[in-house]
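We have chain A; now place chain B onto it with these hints.
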Amino acid sequence: MRLSKSLPFRNLAGKPIRTAILILLTALLSLTVFGGTLMITSLKTGLHSLEDRLGADIMVVPYEATTKANLENIVLQGNTGYFYMDTARLEKIQSREGIGQISAQFYLASANSGCCTIPVQIIGYDPDTDFTISPWIKKSYRNTLQKYDIVVGNDLNAFVGDTLKFYGVECHVAAKLDKTGTSFDTTVFTNADTIKALIQSSLDLHLNTFQNIDPDKVVSCVLINADEEHTPEEIVNDINLHVKKVKAIQTKEMISGVSDSLAGVSNVISILIIAVWLLGIMILLLAFTMSVNERKKEFAVLRVLGASRKKLAGIVMQEACITAFSGSTGGICIGLLIMIPFNNLIEEQLHLPFLLPDVSQLIVYIISAVILSVLTGMISASVSAFRISRIDTGLILRGDN
Amino acid sequence: MKKTGLILDIILFMLSTALCFGTKFVFHACAPKEDGGWMVCHWAEQAVFGLGLVLFFLSSVMFAFKDGKTKSGMILAMEAIAALAAILPNHLINLCMMTDMRCHSVMKPAVLILGILIMIVGVIAIIIHRKENDV
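Sequences listed follow chains A and B, in order. Residue numbering for the first sequence follows my numbering, beginning at 1 and increasing consecutively. Residue numbering for the second sequence follows my numbering, beginning at 1001 and increasing consecutively.
Everything labelled a hint here was simulated from the structure, so no lab data went into it. Note that the Cβ used here is the ideal one computed from N, Cα and C, for glycine as well. Warning: the hint list may mix true and false statements.
Incomplete in silico selection of chain B near chain A, CB under 8 angstroms [what the hints assert, rightly or not]:
1) L1092
2) I1093
3) C1096
4) T1099
5) H1104
6) I1124
Listed next, the in silico PhoX-like pairs over lysine-lysine satisfying Cα-Cα at most 20 angstroms (straight line) [to be verified]:
7) A:K15 to B:K1066
8) A:K165 to B:K1033
9) A:K179 to A:K147
10) B:K1066 to B:K1131
11) A:K147 to A:K245
12) A:K196 to A:K139
Chain B with its partners taken away, still in its complex shape:
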């Protein structure tokens, strides 16, 4: 059971890292305008990056704790942050005008999928860590 919990923690760490740095360097929003100014989607990218940093921090720090209940609490916080990150592009912060632009076609789905995956893996991890405690 401990081994399964550790594997899930590692998966959560990898997903959080992907969400955090992927949003900035891989599936980032649209490039700056010709005049150097940013389009509105840039601020959504910045906000997701900020939330990603928190997820990255929580998932890294989690390895320092052994207690299942503490881990469950931290994952619960990650669940809420991941949900917020998933709905942030275009729902909480507007993206660009056309949905065939990079922010819509690449950043939004990638953030949504990673957010959902973090939530799913998080729920499984909470169940496993609670069972660890029962044992």
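Next up, chain A with everything else stripped away, as it sits in the complex:
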């Protein structure tokens, strides 16, 4: 029998307002659980992505970077900025004990990015020693970057083969990175030779706030991984004590603020999901009870016509199943329409790393949300279904209910 001709479907179609309210309720339930779960997962994925991208135990920067420039905003929030220290300090740091891996990075902010007023952060790395950016870039670009080759973050509206001009220097986009959900998505990466040429060009154009520097004799920060015999804490203390005018920071400490904010947001969303869910279950329970109560005579007539108790309960359960399925599908569609196209806006508003899960994980969440919503609808209806299967037909038809 076609669904549209079945009795539960006709019952629902016969009472469009009641059906619409039930569908709206289940849509709200599935939207809350699906949207909330997707939000929490995206925030957690974003944090893991940020941890992976930082990729080093320790970051050493010039002391002024922690006072004048807001270092955490540059590294974590995607604000642009730059600072430099002599390569002599890099050599001093290299000579300290306990250093497993060490590599220097060079920062520069573009004056503008061709079309827009917003400057872009440019990070240069040394391909010979780098251990943080190269493994990540290799996923998108296997060749070695040549001079004036750049790799752009996923949120930059530039594609392989494009040419971007920074401080009058034309750079060729060699690759576009996968999305990370972090500030690195709006960053341009290049090798040390290219960034030194860009720094020189910015100095020549008097667009660099540092006027008396030699690009070949400065670095912006030093990234370090501790060897197996030393802990990052020991190395941080050692550098801060023995190397002047620098500040060593554990990257773990830098992202602790982000982790705390993320935990706060996740807790609020979890509480909201539970509250809406409990409220939804109660309202659904009430709605099904009221709906069945006002239709007692209708069910009594069906019973007189020969419908079994099981059949009556089945009708109520099928009605609940149809409304819950329609509502949950609608709720999930709304959730997808909000979360996917507006994910950049959500990331911007939360100021937290935000990375949507991949398609396979998304499908799992969709299926789970539908199953959970349908089960909730059916559990809420089961009480009414049980009661209707126990009705005393005689009493109800006489009007003594």
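Just chain B now, with coordinates in the frame of chain A:
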């Protein structure tokens, strides 16, 4: 059936109004530069506004017609315009450099969603109006 058709026409009118004036006043592109000049996304906004005006006009005029076939023809035109509006930001006219800028994070998804909704509601409306004619 006539009532359903009218409801769908009203929804189409509301969506077209939202696309037209929303693009200009609510989910508009990036603000002008400090020197008063416009970024490239402004021209995408202007183009979507122009298409939105046509959608607004067609969806308003539709109420003056009673014939289902005429309405279906007008909705068919709206379908093509809505599809064009949906793909215009960043596909036909470039938006700004960074996708976390307002034109990418607000205008583009809003126009895309409204365009798709107009197309979906339009298809349903065409089916309903054709059935009206059969009756």
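Exercise for review: Against the structure, test the hints numbered earlier, and report the numbers of the ones violated in rising order.
Suggested key: Violated hints (numbers, rising): 1, 2, 6, 7, 9, 11 and 12; every other hint is consistent with the structure.
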